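Trainee: With chain A fixed as given, assemble chain B onto it according to the hints.
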Amino acid sequence: QKEVEQNSGPLSVPEGAIASLNCTYSDRVSQSFFWYRQYSGKSPELIMSIYSNGDKEDGRFTAQLNKASQYVSLLIRDSQPSDSATYLCAVSPHLLNTGNQFYFGTGTSLTVIP
Amino acid sequence: ETGVTQSPTHLIKTRGQQVTLRCSSQSGHNTVSWYQQALGQGPQFIFQYYREEENGRGNFPPRFSGLQFPNYSSELNVNALELDDSALYLCASSKQGLALYEQYFGPGTRLTVT
Chain A
43 QKEVEQNSGP
53 LSVPEGAIAS
63 LNCTYSDRVS
73 QSFFWYRQYS
83 GKSPELIMSI
93 YSNGDKEDGR
103 FTAQLNKASQ
113 YVSLLIRDSQ
123 PSDSATYLCA
133 VSPHLLNTGN
143 QFYFGTGTSL
153 TVIP
Chain B
16 ETGVTQSPTH
26 LIKTRGQQVT
36 LRCSSQSGHN
46 TVSWYQQALG
56 QGPQFIFQYY
66 REEENGRGNF
76 PPRFSGLQFP
86 NYSSELNVNA
96 LELDDSALYL
106 CASSKQGLAL
116 YEQYFGPGTR
126 LTVT
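Heads up: the protein sequence lines correspond to chains A and B, in order.
If you read the first sequence in the numbering used here, its first letter stands for residue 43, the second for the next number, and so on.
If you read the second sequence in the numbering used here, its first letter stands for residue 16, the second for the next number, and so on.
Just chain A, with the same shape it has in the complex (with noise of 0.2 Å):
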């Protein structure tokens, strides 16, 4: 069985900090990344996709992947309070296997105080 770890927060940072939302996976065999956020009553949302090692910038999230630690993360600079959601983050196991599935992490919640 594949595991994706997150811590499940809450997580509370004050307006303008840099939240930083941490995810491990078990599978070494994994190649696509993903973070979701998810606010409450609400349906995922893909924020981030990364593939490769190192930083992928969109705005004001970062993710982070290093494969070697299995380790996944995603930065959200300049924190606001519409970012106050749960953050999934996603796995997938290989990038040219058919009948891909998303393993999740059961998410972090954030709260971003005003």
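Treat the hints loosely; a few may be bogus.
Facing chain B, from chain A, some residues (calculated, C-beta under 10 Å) [claimed, not checked]:
id	residue
1	Gln-48
2	Pro-86
3	Gly-147
No farther apart than 25 Å at their CA atoms in a straight line, the calculated lysine to any residue pairs in the SDA-like style are these [as the list claims (entries may be wrong)]:
id	chain 1	residue 1	chain 2	residue 2
4	A	Lys-98	B	Lys-110
5	B	Lys-110	A	Ser-72
6	B	Lys-110	A	Gln-73
7	A	Lys-84	B	Pro-85
8	B	Lys-110	A	Asp-100
9	B	Lys-28	A	Ser-72
A partial selection of chain A residues facing chain B, derived with a Cβ cut-off under 7 Å [stated by the list, open to error]:
id	residue
10	Pro-123
11	Ser-126
12	Leu-130
13	Phe-146
These are calculated hints, taken from the structure and not from any lab test.
Every value quoted in this text rests on a predicted model; they were computed, and no experiment measured them.
For each residue, glycine too, the CB sits at the ideal point set by N, CA and C.
Mentor: Relative to the frame of chain A, chain B by itself:
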């Protein structure tokens, strides 16, 4: 908005009944994946449909079945409903059934089994 639609939004069923949930994929996407999300948990992969065939299945019993139609829309059928089937059912569409491709979720169907 992702362009993925699901119906109905909410549904209440009695234990032992059968239910059909529907999903229309985003324009340009030919693959649909179904997930079950229990309260406080991450989404769990049920199965994926690509080219009208099941293209991968998670750890769900055979009473969970599905279809994909030529227009890439999809149905999820659950027979002999159990109380534990109460959850948010999410449909996600992607370009192909490959791990390389990002999955975009619809708004979900909230199923309550009493």
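Trainee: Which hint numbers does the structure go against, in order from smallest to largest?
Mentor: Structure breaks hints 7, 9, 10, 11.
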